[in-house]
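Letter by letter, the chains look like this.
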Amino acid sequence: MASDAITVPLGQTEARPWVDTLHQWLTTVDHKRLGILYMLSALFFLAIGGVEALIIRIQLMHSHNDFVSPEVFNRMFTMHGTTMIFFVAMPVLFGFANYLVPLMIGARDMAFPRLNAFSFWLSFLGGLLLYFSFLGGSGLYGAGSAPDVGWWAYAPLGARAFSPGHSSDYWTLSLLVSGFGSIGTAINIIATILCMRCPGMKLSRMPLLAWLNLVMGGMVLIAITPLSAAQIMLLIDRYLGGHFFDTQAGGSAVLWMHFFWIFGHPEVYILVIPAFAFLSEIIPVFSRKPIFGYPVMVAATVAIGLVSTSVWAHHMFTIGMNSYASSFFAITTMAVGVPTGIKIFNWIGTMWGGKIQFKVPMLFCIGFLFQFLIAGLTGIIQSCVPFDWQLSLSYFVVAHFHYVIVGGILFAIFGAFYYWYPKMSGRMLSERLGKWHFWLFLIGFHMTFDVMHIPGLLGMPRRIYTYEPGRGWDTLNLIISIGAFIQALAILVFVANLVISYFKGARAGNDPWDAWTLEWSTSSPPPTYNFATVPTVGSRRPLWDLKHPEDPDSRYE
Amino acid sequence: MAGLIIAESAIFTIFVVAYLFYLGKSLTGPTPREVLETPIFYTICLLSSSLTIHFAAKSLERDYRRLFLCLWLLTIALGGLFLYGTAQEWHRLIYEHGLTISTNLFGTTYYSLVGLHAFHVTAGLIMLSLVAIFGLIGRVGVSQSDRVAVLSMYWHFVDAVWVVVFTVVYVVGR
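So the protein lines, in turn, are chains A and B.
For reference, each letter of the first sequence is one residue, going 1 to 557 in this note's numbering.
For reference, each letter of the second sequence is one residue, going 1001 to 1174 in this note's numbering.
The following block holds chain B by itself, in its conformation from the complex:
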């Protein structure tokens, strides 16, 4: 998993570099300053989900299954909320501001970078849900705690990437 994370980091690095490189190079509007709003609430959701998954994995190690399941479902809910936030933002950008992936360079790089991250969140949510389903039918026990730990590592990575994306897109980029 560490290897995969290194590889994924390299992919994200390239997209971040492209985003930074093309900042302010768009020939037509809209620009980030005009249309982007900082999604503080949803960011808090995603970052706190890192906390919940951490404690979920820990409680599984100690075989507190019920606590694990509660925290795990909470993680999924928080991740889902974040995705909903992204979807809402995209909806606003597309229908209110007319910004699509082919409008200008900002659109291209913004949707690619945020979309790549959202794709990873989605993939993560699918894997988390699978574990949740197995958990609900009582198949996740201490013996699986290693695998759950690996999955939580992936989720931490997705969160960490969001910190970078957030900084680049909403702080530096505006």
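In isolation and in its complexed conformation, chain A is listed as follows:
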């Protein structure tokens, strides 16, 4: 197959000065380098967003704490939310999609390499623009620095009267800019998957990761754009004196909520579908079985994509919609649970009867299965409208969505790092440090987010900067904060592992996990052109066919 490399003339392999290397990275249009740049920028913002989370947790450690002022606290939770969603989760998932999709479908690059580079720099500079607000956000009036309107910036908080200076403008513009970057990447992923597959790679033979990213790309196109449109409207309101969200001129604050959540809820699925994609690749390899129910997995993903576009108003039960609207959104929300449940059963079906190897990537995936299930269950709980009236805007909600994003998505991302790091760097990550990372993070995660449900049930509202003693929240909040620090420690172990293994890790070779998809057929790290000869595939597991010519999959499909 494509494992033989093109020999490079000697003159080109000499060491280059670091300025040259830097120049190459800055001007690169190679999908692998851009993928890595996406991931590095995500790790950079993860560190910042993590520090913000720790500041929030120190402030809430006990009642009447004055570690930071209320204004700073508002900025911290706004920046934490915005950073983690737009500049950590999305870039890291786009990074993996960028890196893996062309390799998995046997292509030499994305469909539009320059658009790809443009999208990356838009999203990265969007992040920098957001953080420039700390320096430049005071504006003409000297009021405020970073945005402090919450990550959804409900009207009229974003209006000029309530958010003077330029802090909210930085928020708006950075999301607009990075939103255009996301649209570019989505178009690129879709075009790559539809037009660049290697011979024999029919849609029905495509690795699930490619399928799921195809669905994700489609969702980005229809979900990110409403946010961009709403941001344009907000800019018109703030700079041209428009009245879209100005209730005093007949405008509607609720319309902003609708527009925001038409983006906001599909966004969750935009993040979780690539996480599903990682599981669908990792679990079969470490269970030594092909994925259970491939067509059903694809169908379930498409179903999730479709249904998730009509659930947004379950974030808004408390605004007083009529009972028909409430019932509709409650039912659609519960309906999303069905295809998601199918997926969980399929992963368990894949593991069932397999020879499971408990390597670190697999550990993270198993953690995902348990935690994502619980996160889904608390989600279903909250789709019951009366219950949501009780719990909305409490810490229960915070616990729920962190369970999804940290317990689900982040665990899958860690799994993906451990699984594909050998391909990207040519070195294995240390299993020992990896297990430390996993167990520390698991313990910290459960200390923080299991316990966080309870103050929510006891009535602790989110976004308060402090609370009265004697409500039974003190001990719980202390435990939550300690858990947060354990998670931070685990992340440090992870970063140390990334750095140490890059220099000292064991050589990975082409195919350290004995896996079945095309990316493992080329060298680690892959050459710029990916495959010396474009491969031809005959089944869903091309490398299995190659390793077992006596019993290939293509015979059964």
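Honestly, the hints are just simulated from the structure, not real lab data.
Please note that a few of the clues may not be correct.
Computed spacing ranges between beta-carbons, pair by pair [as the list claims (entries may be wrong)]:
no.: 1; chain 1: B; residue 1: Arg1062; chain 2: A; residue 2: Val534; range: 30 to 36 Å
no.: 2; chain 1: B; residue 1: Tyr1095; chain 2: A; residue 2: Pro461; range: 47 to 53 Å
no.: 3; chain 1: A; residue 1: Ile380; chain 2: B; residue 2: Val1163; range: 38 to 44 Å
no.: 4; chain 1: B; residue 1: Ala1132; chain 2: A; residue 2: Gly241; range: 48 to 54 Å
no.: 5; chain 1: B; residue 1: Ala1077; chain 2: A; residue 2: Phe132; range: 29 to 35 Å
no.: 6; chain 1: B; residue 1: Gln1144; chain 2: A; residue 2: Tyr529; range: 23 to 29 Å
no.: 7; chain 1: B; residue 1: His1091; chain 2: A; residue 2: Thr528; range: 52 to 58 Å
no.: 8; chain 1: A; residue 1: Thr536; chain 2: B; residue 2: Tyr1064; range: 38 to 44 Å
no.: 9; chain 1: A; residue 1: Leu235; chain 2: B; residue 2: Tyr1095; range: 37 to 43 Å
Simulated coverage check for chain A against chain B, where a stretch passes if three residues somewhere in it have a Cβ under 8 Å from a Cβ of chain B [stated by the list, open to error]:
no.: 10; region: 450-459
no.: 11; region: 515-529
To be clear about the criterion: a stretch of chain B counts as covered by chain A if any three or more of its residues have a C-beta under 8 Å from a C-beta of chain A, and this derived list gives those stretches [claimed, not checked]:
no.: 12; region: 1067-1074
no.: 13; region: 1126-1134
All values reported here derive from a predicted model rather than from experimental measurement.
Just so it is clear, CB atoms sit at the ideal spot from N, CA and C, and this is done for glycine as well.
Mind docking chain B on chain A? Use the hints.
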């Protein structure tokens, strides 16, 4: 391009929804009924430009370069005429009726929606003009016909959006 069109459609959908949602919600005048006039002539201009660009792309495929260039320039002229129509209408609204983007909700939504469309027409015209310039110096041949086809797809999209905007603003909205 199909992907971009889906994304753009979503953006326009949001603006159309906002326009419809705020119909009749303005607290002060002027209202659409009082000030809007149906721009039938300019609409015909824009819609017929879809026809001319279609035949232009087709003639490029068959390597009739001169015909392509004529039709292409005609398309640009029709698009430009449409923009002129929009500009004239805005001028009338602003100076005769005193309707600006900050006057009332109708002003906000009207200028945003029509402005967003006019922005897309402008962007389209810039791209069309670039092709025209390359065409005039003889650099556009059959080998570029795929790219020209993509551009004409964008132009059709802009026209289709105008059909929606026209219906919403001048038919339903009055």
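**Q.** Cβ separation of B:Ala1077 and A:Phe132, checked against the hinted range 29 to 35 Å
**A.** Violated: the Cβ-Cβ distance is about 44 Å, outside 29 to 35 Å.
Q.
30 to 36 Å was suggested as the range; check whether the CB atoms of B:Arg1062 and A:Val534 agree with it.
A. Roughly 33 Å apart at Cβ, these two residues keep to the hinted range, so it holds.
Q: Starting from the hint 47 to 53 Å, judge whether the C-beta atoms of B:Tyr1095 and A:Pro461 obey it.
A: holds, 51 Å
(Q) Tell me if the beta carbons of B:Ala1132 and A:Gly241 are separated by a distance inside 48 to 54 Å. (A) Once the Cβ atoms are compared, 38 Å apart, the range 48 to 54 Å for A:Gly241 and B:Ala1132 is violated.
Q.
Quick check on a hinted range of 23 to 29 Å for B:Gln1144 and A:Tyr529, using CB atoms only.
A. Holds: the Cβ-Cβ distance is about 27 Å, inside 23 to 29 Å.
**Q.** Coverage criterion applied to the region 1126-1134 of chain B (partner chain A; beta-carbon cut 8 Å; 3 residues)
**A.** violated (count 0)
Q. Per the coverage rule (Cβ-Cβ under 8 Å, at least three residues), is the region 1067-1074 of chain B covered by chain A?
A. This one is violated; 0 residues, fewer than the three required, reach chain A with a Cβ under 8 Å.
Q. Mind checking, does the region 450-459 of chain A have 3 or more residues with a CB under 8 Å from chain B?
A. Our answer is that it is violated, as 0 residues pass the Cβ test (under 8 Å) against chain B, missing three.
Q: Return holds or violated for the Cβ distance of A:Leu235 and B:Tyr1095 against the range 37 to 43 Å.
A: At 25 Å between Cβs, range violated.
Q) Against chain B, does the region 515-529 of chain A show at least 3 residues with beta-carbon separation below 8 Å? A) The restraint on the region 515-529 of chain A is violated, since only 0 of its residues have a Cβ under 8 Å from chain B and three are required.
Q.
Taking the Cβ atom of A:Ile380 and the Cβ atom of B:Val1163, is their distance within the range 38 to 44 Å?
A. holds, 42 Å
Q | Range agreement (Cβ of B:Tyr1064 with Cβ of A:Thr536, hint 38 to 44 Å) | A | Given about 40 Å between the Cβ atoms, the range holds.
Hint compliance for this structure: hints 4, 5, 9, 10, 11, 12, 13 are not met, and every other hint is.
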